[in-house]
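*Asks:* Sequence:
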Amino acid sequence: MKRFKFTDILIGLVFTLLFISIGVIAAVNFRFIYYLDITNLNIEASSGISRDVIIENYDALIDYNSPFYKGDLKFPTLPASSSGLTHFSEVKNIFVSFYYIGIVALIAAIIIIFYKRRKKDFSYLMVSSVTVLVIPAIAAIGCSINFDETFILFHKIFFRNNYWLFDPVTDPVITILPDTFFLHELMVIITFVVLGSLVLFLFSKSKKRGRNSYDFTNNHRYY
Numbered sequence: 000m001k002r003f004k005f006t007d008i009l010i011g012l013v014f015t016l017l018f019i020s021i022g023v024i025a026a027v028n029f030r031f032i033y034y035l036d037i038t039n040l041n042i043e044a045s046s047g048i049s050r051d052v053i054i055e056n057y058d059a060l061i062d063y064n065s066p067f068y069k070g071d072l073k074f075p076t077l078p079a080s081s082s083g084l085t086h087f088s089e090v091k092n093i094f095v096s097f098y099y100i101g102i103v104a105l106i107a108a109i110i111i112i113f114y115k116r117r118k119k120d121f122s123y124l125m126v127s128s129v130t131v132l133v134i135p136a137i138a139a140i141g142c143s144i145n146f147d148e149t150f151i152l153f154h155k156i157f158f159r160n161n162y163w164l165f166d167p168v169t170d171p172v173i174t175i176l177p178d179t180f181f182l183h184e185l186m187v188i189i190t191f192v193v194l195g196s197l198v199l200f201l202f203s204k205s206k207k208r209g210r211n212s213y214d215f216t217n218n219h220r221y222y
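In terms of numbering that gives the first Met the number 0, the numbers along the sequence shown are unbroken and rise by one, the last being 222.
The hints are simulated quantities; they were obtained by calculation from the structure and are not laboratory data.
Owing to the predicted nature of the structure, the values given are computational and were not obtained by experimental measurement.
Be careful, since some hints might not be right.
[Unchecked claim] Pairs of lysine-lysine residues, derived as DSSO-like cross-links and limited to a Cα-Cα distance of at most 27 Å, are as follows:
1) K204 x K115
2) K91 x K73
3) K155 x K91
4) K207 x K119
5) K207 x K118
Produce the entire structure from the sequences given, and follow the hints as far as they go.
*Replies:* If you want it as C-alpha cells, here you go:
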C-alpha cells in the first residue's frame, strides 16, 4: 500500500480548479436553465417585463460575458447605471478568468495523468476525488444554512465595492435576476464538481482492481 503524499493534495487542487472552471463555464452558457426559471420563478410577474424582453436582455448579458465578446455591455431595451455596468464588467473579468484557469488546469492535469501513468502511481486519484469535494461541500453547507448570507459573503470577498447592490429603478435588469436563479447556477457548478470527483473515484477503484488482479496472477504462478 502506497503512503499518503502531500503532493497528492496539490494534484487534487489542480483537479478542483479544473472541475470548478468547467462548472462555471457550463453554468454561464447553459441558457436553458434561465429560460426554464423565467417560468418556474415567475420572473415575468415579479419584474413586470415580458418574456421576450427578458430573454433579449439576458442573452445580451451572457453574450457580453463571453471571452470572445469585444466591446461594452449594452442592454437592448433596459437602462443601466454606470455603477451597474462597472459591476458587470467586474463579473465578466471573473468569468473570463475561469476560462484561463480551466485551460491551465487542464494542461496541468493532462501532464500529471501521463506522468503518473508512466510511474504507475495512481494514489493521487482517490486523494484528488476527496480533495475536489471540499470547496463544494463548504459552499453547499453555507447555502443550506443561509443562502442569502452566503451570497452576500461571496460578493464581499470578490468585489471591493458595493456596485453589486443594484437599484431596480436605475438598473431594472436586477429584477430579472432573482437570487434563486443564482442558487440554481451554483447547483450546476457543484454537480460538475461532484461528477468530476466521481470520475476520479471510479478510475481509482478501477486501477486498484487491476493492480490486485495482476498481483493475484503473479502470486498464483508460484503454486
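*Asks:* Check each numbered hint from earlier against the structure, then list the numbers of those it violates in ascending order.
*Replies:* none
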